[in-house]
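There are 2 protein chains.
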Amino acid sequence: MKPVNLSEKLDQFTSHWDPHVIADYNDNDVMVVRFQGEFPFHKHADTDDFFLVLEGEMIMDIEGGSHYVKEGELFVVPKGVTHRPRADKECKVLLIEPKGEPNTGDTATAAPKPRL
Amino acid sequence: MKPVNLSEKLDQFTSHWDPHVIADYNDNDVMVVRFQGEFPFHKHADTDDFFLVLEGEMIMDIEGGSHYVKEGELFVVPKGVTHRPRADKECKVLLIEPKGEPNTGDTATAAPKPRL
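Chains A and B supply the protein sequences, listed in that same order.
FYI, the numbering for the first sequence is 1 to 116, going by our numbering.
FYI, the numbering for the second sequence is 1 to 116, going by our numbering.
These are computed hints drawn from the structure, not numbers from a lab.
Keep in mind that a hint or two might mislead.
Any copy will do: because identical chains look the same in the list, a pair fits if it lies in one copy or spans two.
Straight-line distance between alpha carbons at most 25 angstroms, and here's what the computed DSS-like set of lysine-lysine pairs gives [stated by the list, open to error]: (1) 79 with 113; (2) 2 with 43; (3) 2 with 89; (4) 89 with 99.
Just chain A, with the same shape it has in the complex (with noise of 0.2 angstroms):
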């Protein structure tokens, strides 16, 4: 039980598309992430999926159109819904999703998901 400074657990990783849990809320992993490329499309059955961009800028693909992200911009994609990150350049993510849950929408693709 102490603060969690997001900088500090980025720092630890350089590596895109590879979510590092940083925290516990309820079920879920809290996350942060680094993103640059293009993400596959894909969906989560279940569960919505969070984004919050703390540094940088990303987009999300939807279906029926494309929404910037930026720096202190959230952006929630509900269950069910097919959609893809991408950032032309990189981009610091805090991402929320339920414990196991796979972040490709697959458990065959999914990133491991390790504890910083």
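Chain A is already provided as a structure; the job is to place chain B on it using the hints.
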């Protein structure tokens, strides 16, 4: 389904200890709130309490000590733990709690959590 700018939402009110809902994540309210002064000691029997400091600094008093939580830091109070957030100067916070959860832990004294 669109980006939510935290700063723009915070600019829509000036009251303290008055959380406003800006997004939904599964069955949780995602809120912004301004802290200044002392909140009462309280606990949430059935849920963790998620705080992310967006601007300024808060102090979280809990059993066993006090923690300074600075801009860019998060603090999750586990369920059942008595706590008191306070701030000498105004502090802006992102708060996540399950829908229906009273911010004081008690429906009789809870803030209404209006939606922005």
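To see whether the hints hold, each was checked on the structure:
no.	hint	result
1	79 with 113	both (20 angstroms within a copy, 24 angstroms between copies)
2	2 with 43	between (33 angstroms within a copy, 17 angstroms between copies)
3	2 with 89	between (32 angstroms within a copy, 21 angstroms between copies)
4	89 with 99	neither (28 angstroms within a copy, 36 angstroms between copies)
Hint 4 alone, counting from the list given before, is not met by this structure.
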